[in-house]
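Protein chains in written order, with our numbering: chain A, 1 to 313; chain B, 314 to 643; chain C, 644 to 1173.
Simulated from the structure, these hints should not be mistaken for lab results. None of the values given here were measured: they were computed from a predicted structure. Using N, Cα and C, we set each Cβ at its ideal position, and we do this for glycine too. Some hints could be false.
Claimed, not checked - Below, a list of computed lysine to aspartate or glutamate pairs in the DMTMM-like style, where the Cα atoms sit at most 20 Å apart:
id, chain 1, residue 1, chain 2, residue 2
1, A, Lys208, B, Glu379
2, A, Lys171, C, Glu889
3, B, Lys429, A, Glu209
4, C, Lys1098, A, Asp41
5, B, Lys429, A, Asp210
6, A, Lys125, B, Glu388
7, C, Lys1150, C, Asp924
8, C, Lys881, C, Glu871
9, A, Lys95, C, Glu861
10, A, Lys157, C, Asp924
11, A, Lys175, C, Asp906
12, A, Lys213, B, Glu497
13, A, Lys125, B, Glu399
14, A, Lys228, B, Glu399
15, B, Lys320, B, Glu388
16, A, Lys213, B, Glu401
17, A, Lys171, C, Glu861
18, B, Lys321, B, Glu409
19, A, Lys213, B, Glu399
20, A, Lys175, C, Glu889
21, A, Lys121, B, Glu379
22, A, Lys213, B, Glu416
23, C, Lys1094, A, Asp43
24, B, Lys371, A, Asp210
25, A, Lys121, B, Glu399
Said to hold, decoys possible - Calculated from the model, a selection of chain C residues having no Cβ within reach of chain A, i.e. all distances over 10 Å:
id, residue
26, Thr702
27, Gly1012
28, Ala1110
29, Ile1121
Said to hold, decoys possible - Computed from the model, here is a short list of chain B residues facing chain A with C-beta under 7 Å:
id, residue
30, Leu376
31, Glu403
32, Met412
33, Glu416
34, Thr419
35, Ala420
36, Leu421
37, Asn422
38, Thr437
39, Phe468
40, Cys470
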Amino acid sequence: MRYYARRILGFIVTIFLVSVFTFAIFQILPGDPATVILGVDADPAQLEALRASMGMDKPMVERYLDWVAGLFQGDMGTSYKYQQPVAQLIQESFKVTASLAFVSIILTVLIGLPVGIWLAKNSRKPVATPVSMLSQISLSIPAFCMSIFLIYIFCVKLQILPSFGYTPLNKGVGKWLKNLILPSMAIALGSSAALIRYIYTSINAQMKEDYIKTAKSKGVSMTNILNKHVLRNSLIPVITILGMLVSDILGGSIIIENVFSFPGIGKLLSVSISSRDFPLIQGLVVYMAGIVVLCNFLVDMLYSVIDPRIRLK
Amino acid sequence: MIQAEKKKRVIDIKNLDMKLKIENDFYNVINEVSLYVEEGEMVALVGESGCGKSMTAKAAIGLQPENSVLTGRIETDNENLLEYSEKEWEKRRGKETAMIFQEPMTALNPLIHIGKQIAENARTHGADKNEAKQRALEMMKMVGLPDVERLYRNFPCQLSGGMRQRAMIAMALINNPELLIADEPTTALDVTIQAQIMELLKEMNEKTGTAVLLISHDLGVVRNMCSRLYVMYAGHIVESGSIDEVFENPMHPYTRGLILSVPDVTKREQELVSIPGTVPSLAERKQEGCPFYDRCERRLEVCQKKACEMQDVNGHMIACHLYTGTQKEV
Amino acid sequence: MKKLCVILTMAMMLTGLAACSNAGAESAATDTVAATQSVEKESAAESTATESTAETESTEPTVVRMNISSEPDSLDPWQSAASDTSAIFDNVFEGLMSYNSEGEIVPGLAESCDISEDGLTYTFKLRENVTFHNGQPFTSKDAVYSYNHLAGLDGEEAVSSKFAGVESVEAPDDYTFVIHMKEASASFLALTIADVLPEGYEDQATSPIGTGPYKFVEYVPGQRVVFEKKNDYYNEEKMGQIDRVEVYIMTDASAIVSAMMSDQLDLANVSVENAQILGDDFDIYNSPQNMVQIFALNNTYEPLSNVKVRQAINYAVNKQEIIQGVFDGYATELYSNFSPVMSVYYNDELSDVYTTDIEKAKSLMEEAGYADGFDLVIKVPGNYQAHVDTAQILMAQLSQININVSIETIEWATWLEDVYANANYQGTVIGFTGKLDPNDVLVRFKSTYAKNFTKYNNPEYDALIDAAAVEMDDEKRIEMYKECQKIITEDAVGVYICDPNLTMAAKKELKGYTFYPVTFHDFTKLYYEK
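Input sequences plus hints: build the corresponding full structure.
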């Protein structure tokens, strides 16, 4: 119980620090949200009206304090640019980004896990070299290039998948998936390559452990050693990167979401920054801190489920 | 002597050489080692750390490093185990030949129930699930583990070091093997636990008739346990014989040194101060002459040039020029 | 003595002459010429072909999918100022007056407009068969509501300060609407294109309603805005032909290209470079867009405050090099802050004021006492690649007269605040989108203009532009605006570089894209050729 209390306290302190920090940065950064929204042709009257409706006639510190007060009542304020509650905007974008994270992680695991294991098992055979090289290459390709490459193949040449946009899940799983598959692939190809390396090293490290010697001395075959002994142990560190990956995607993949015109958190973030949408930026900061904390927490939970050494301590 | 010859040798290592290939160079790890264990017997293999004891043990169960080259013979049941395929080894390991290790804290898979790991040895060699579990529970009782039904479902992290080593012994003996290789089984344990585990090994040897090859750097420990003794230095067997014979009349200067330095039972891992220097590393080992030459207090001229052949002095085997009777001390 | 100016009906418009004017004192003016803002415009796009779609047997609704590069700033047209937003929403909303592809002011919701001789009273005769998208009929009540709101006569903040000249409005009957002005204004009629919204409708910001040929269907933030044809639109000739238009918000240029290539867009606004990639499989439409790309100089910054230095810069810059290097030749060279698209007001005598002449530039620099040059920082908004590229070329060109240029790429929001609002810069490159009213284009250089970011201050210019705004005689007014252009060219407020073409790529079977002198994607002109 004290453990959880400490974590929640840590979370609050983190959010406080980060929000003060963002607040300070946007104090220094030039840029007026009303002008950004209305552009160069804005009429002074329109600007004034917009500023007033944003509450920007108040001094910055007061706006920040208002925001903090609102947050404690569960109100994250209203976006300058979208004129909608920040919480609602984040919620909407979260659905998109969460879908992306979900499919990406599944693809990452589906590709990375078997290939990583296969590579560890066959690392001495000549067939392993091209596979290992391929995974190295896809690890080093930037997500942007990967996206363009995938779009070229699947949209331009084959014309079987859409290259942009998002369809909500309630319009049908097929449609939802169709829009998700390419951006998820773009993420998954890179991250599964990382996963492959990770699994490979992890398995190799486990193979040097004493308990492998014990298993061998029992006459357990190599295959059984891998399947029954090594795999579960190797997965423990892998959970950490999967957790990091999830919080990474949920925090918004700005490039991927831009290339695929995905209305997710990353898109929201880039818009909020470029339009100096202070309430939205602060809201996203809180959201992201929350995501990181939550993911870490879930990873810890998973650890203790898998590893009795943690659970039974 | 006559009786002994009738007994089956559960392992008979003859002129075993092991070379390790490290970056295109070959290093001798084991030279011309010959060693046997008869059924039901407890035999000790002693020497300082780095002498090649563990490597010999590993070779005996087919778990030598992948970069090693073995020559010679390891015989049992009239077969040369060096010609075994990995499949054949898998059948043999855990069944005819079992092994327990120095570090019980890490030798068990942390994520699998203790009982299941014990039963796995039976399962691997043909027992069905229930039978394996029953036998595991029996073994656990036999090695003195308490409350075995509950313990079966415990994880290694829930057990103390001594209990884990008991579990390891249960695991190793579940298939009633001919030979148990115990590689420094008590080194990592508390002194009081050490004695218990040794006691258990002795007891199990008597109860089940499983022969034990006990590897230790501690002469004091083996004295009360084993009937015969091999002394190993820098990859060579330098002396062997019955425990009483060797302890009463140690011949090789190295053995003498070891015996003189037998530590006080209460001071574990006391340094063997009476032998100056340390075991040479693989790269430092000389190709010719007696391996102990550099550290020997009684070395002869001939020792530098030529290692002494193993010779039988009344059933007491010794490889030292001192006992060929022709040379002078330096 | 009252002389009427009759607004002709749409049928009469086909003569090509717009006709809403106030003929002032001069008797020479006939009813038909005068204040039309006609523009000779070469548009690569074909003109409308109303007949072609009806024959297609398929009952499938026709859909056009296109892109815009930014989110709508507001769905409520009175809250919106971004040209990307009006470019699509002008299909939904209409004003009393409207504009055509020539930039002429033509009747919209009003059939005709009478302007009193003193220019103080505007009487609009409203169309009778118009309904809003919610079915509510359009009457003078809506006009009164809209103009009260626009001018702030309803006690609330005025929507735009441009309507400050309105004194009062009235509706003598359901289809007559009268505006009384405080003082005469030559540019007021152009302002009556302001969108008229239904009285008492509160949800404009979320589900906007207008009278236009297309209805708003949905806006999914970050994704798309969808429109549907209004089937009972009152004007057969401006009736939409495409059933549904989906406008996708796409910020990434390469995403737009791949969406075109993969048959996910039918029409797209692309860069010249990307147009060439799409070239063979699509029709590329190209037209000047009444934009001014300017290398603006801060006229109060030390060396730049010297007119000789600014003139030297003008002599040193080779605009054709920029047009070729940045826009691949698809741009029109400018000589003042005015595009030839606005042909009526365009001063065509300025083309040889500065011809590239490095020697001349050098001697001007010497006269100004800067023979050894100086350092100049050009701040460019990084989100506009063309401006960044232009700055690169400027850097090379200005080095010839020893001006050591360094480029600072800044964020758009920073540009708006630092450069545009606070004039905290030395030089910058920016493009201003087209306006229908010359005053809107030229007033930027008036010293008292709120966003006079060049800090140009010339009382003569201020007086002239003020006078032009209230000059009701068109000829005089045109001359005044031409004079304004001359002044800012000779004073070398900045370097007026070019009007970059607007480039549209369309599927080969999609025809009818029409260019306007303001950014406007007219959905009604689009049709599929079978």
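- Query: Hints broken by the structure, by number, lowest first?
  - Reply: 6
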